[in-house]
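The listed protein sequences correspond, in order, to chains H and S. At position 144 of the first sequence (counting the first as 1) the number is 144 in our numbering, and the numbers step up by one without a gap. Position in the second sequence (from 1) plus 1000 gives the number in our numbering.
Worth flagging that the hints you see were computed from the coordinates, not collected in a lab. Errors might be hidden in some of the hints.
[To be verified] Here are the simulated lysine to aspartate or glutamate pairs, EDC-like style, with alpha carbons at most 20 Å apart: (1) H:K199 x S:E1222; (2) S:K1213 x H:D231; (3) H:K213 x S:E1222.
[Claimed, not checked] Short, incomplete list of chain H residues facing chain S, as computed with Cβ under 7 Å: (4) G17; (5) V18; (6) N135; (7) V137; (8) T139; (9) C182; (10) G185; (11) A195; (12) A197; (13) L202.
Don't be surprised by glycine CBs; every beta carbon is placed ideally from N, CA and C.
There are 2 protein chains.
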Amino acid sequence: MSDTAATPSRVAFLGLGVMGFPMAGHLASKGHDVTVYNRTAAKAKAWVEKHGGRAAATPEEAADGADAVFMCVGNDDDVRAVGGAVLSGLKAGAVLVDHTTASAGVAREMDEAARAKGLHFLDAPVSGGQAGAENGVLTIMVGGAEDVFARVKPLMDCYGRSVVRMGDAGAGQLTKMVNQICIAGLVQALAEGMAFAQKAGLDGHRVVDVISKGAAQSWQMENRARTMLDDKFDFGFAVDWMRKDLSICLEEARRNGSLLPVTALVDQFYGDVQAMGGNRLDTSSLMKRLAAKS
Amino acid sequence: MSDTAATPSRVAFLGLGVMGFPMAGHLASKGHDVTVYNRTAAKAKAWVEKHGGRAAATPEEAADGADAVFMCVGNDDDVRAVGGAVLSGLKAGAVLVDHTTASAGVAREMDEAARAKGLHFLDAPVSGGQAGAENGVLTIMVGGAEDVFARVKPLMDCYGRSVVRMGDAGAGQLTKMVNQICIAGLVQALAEGMAFAQKAGLDGHRVVDVISKGAAQSWQMENRARTMLDDKFDFGFAVDWMRKDLSICLEEARRNGSLLPVTALVDQFYGDVQAMGGNRLDTSSLMKRLAAKS
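Produce the entire structure from the sequences given, and follow the hints as far as they go.
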């Protein structure tokens, strides 16, 4: 396939947070003509100073004339507001790609709205965190039409290492939900293990060295267990964001008839962490909650 | 250090289950003079036919004249019964190594009983499962005196890839407990994720391919998620054994003041699996329980 010929090169990126800022940067550094928009204009100005391109005053202005628009905003309401504005300004045949972690419902809504206007929509939540965005090695889980995906995948490859279409509209969001469900209970189990190790008088770091060679191994154990033991919880993905994601998972589970007993419990535990003032701590702060209670 | 000179070579192995049988076999194949004992004599006979050495009729007889005795039996009561018999038959200065997953309390009891007789005891539970035992690549977590550990480590190296002293008597068992605590909630989280993926209409195998590259990755995800999706639960470590281990963890946590809310809940879920007749299914059968309920 000749990606170059098929790939749109005039693009817009909306939402320059800790994820969007470097993602848009990778598009620019790979030679694409990027217009950015951010609600707080200062960030868009800073981005242009670093990467060139242009800053637009509104989502509509950013979208004007673009072949593809990417956005990475906060929640379902932001997706509706910013995405809705974009769809009213896009030229026929253009694509809106949403990197926000949002509900599958809003993804299907946007997909329908796009189709009604002769436009295209992909839901494309990411994982890999700030470091993954900065290093351009994100995992991107995509829902939407296959031909549209093929058209914009080369652009997402600028900041994604694993860019995979999971199915029709909403399938990207559903896959991200599975990811968060698998993480929630896992992190709590790890926190219980580490808190127990401390109470048992073991050298927690040595315990991690030993048990991470076997069936208890996980990315979280390798990357967060030692920082949990050292009472450090400033490694990125915040409890407030995790609760937003888990609320999306729990609502979808109610809809599709899944049972998520441990995920639901861990969501409540994150509520404890928030009540302790830990809103901006990272997700491994479940350890801090256990330590405070025992 | 001259391991060869310091290493006892006349050894006994008691308990020839799925773990002990191959572990004792590695000792024999590395040239050690091995006497075995098993409650069901036919297994000891089969072992001798395969590996040479001798079969003893009782634990005392197996221990007679041995420099080191290894055992891998069922639970605390078995450790007390078999271990107590061994200690009454061992020659001065000899070592009893217990590979059973048991309580830290029984490890300390046996350690004291050994010391009172001028003998030595190490608690040395293993992880790595039947395959790890067969391939001689177990992780062995050891509690007990440093010099005694140094003396018998070369023997454990016959079937262990990572043989580590974690502290004084009981520390091996406590480390194994941390391992099981980290696994219990992790497997449930994975089961919730996989069941959700199915209900959401996603291709679960593709979801695993994608999310196992990131922060949700775990040994369990790489080795048990696909079999969960395929409704296969015959991969070794049985629910009955996991409940035994979790009961040890929960009792110890009550003693040392740790909170294990998710571990306790998952233990109850394994009780559901038992009630469904799944006693011999492997630990990933938490998936089967979710599927049955939703």
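We went through each hint and held it up to the structure:
1. For the suggested pair H:K199 and S:E1222, the alpha carbons sit about 31 Å apart, so the restraint of at most 20 Å is broken.
2. Of the pairs offered as hints, the one joining S:K1213 and H:D231 is violated, with about 26 Å between alpha carbons and a cut-off of 20 Å exceeded.
3. Restraint check for H:K213 and S:E1222: the C-alpha separation of about 14 Å stays at or below 20 Å, so the hint holds.
4. The interface hint given for H:G17 is violated, since its Cβ lies 18 Å from the closest Cβ of chain S, which is over the 7 Å cut-off.
5. At a threshold of 7 Å, the smallest CB-CB gap from H:V18 to chain S is about 15 Å, leaving the interface hint violated.
6. Checking H:N135 against chain S by beta carbon gives a least distance of about 13 Å; that is not within 7 Å, so the hint is violated.
7. Interface hint at H:V137: violated, since its Cβ lies 9 Å from the closest Cβ of chain S, which is beyond the 7 Å cut-off.
8. At a threshold of 7 Å, the smallest CB-CB gap from H:T139 to chain S is about 5 Å, leaving the interface hint in force.
9. Annotation: interface hint on H:C182 holds; nearest CB of chain S at approximately 4 Å, less than 7 Å.
10. Taking 7 Å as the C-beta cut-off, the interface hint given for H:G185 holds, the closest approach to chain S being about 3 Å.
11. Checking H:A195 against chain S by beta carbon gives a least distance of about 6 Å; that is within 7 Å, so the hint holds.
12. A distance limit of 7 Å between C-beta atoms decides the matter here; for H:A197 the minimum to chain S is near 5 Å, and the interface restraint holds.
13. The closest approach between the C-beta of H:L202 and any C-beta of chain S is roughly 6 Å, which is under the 7 Å cut-off, so the hint is satisfied.
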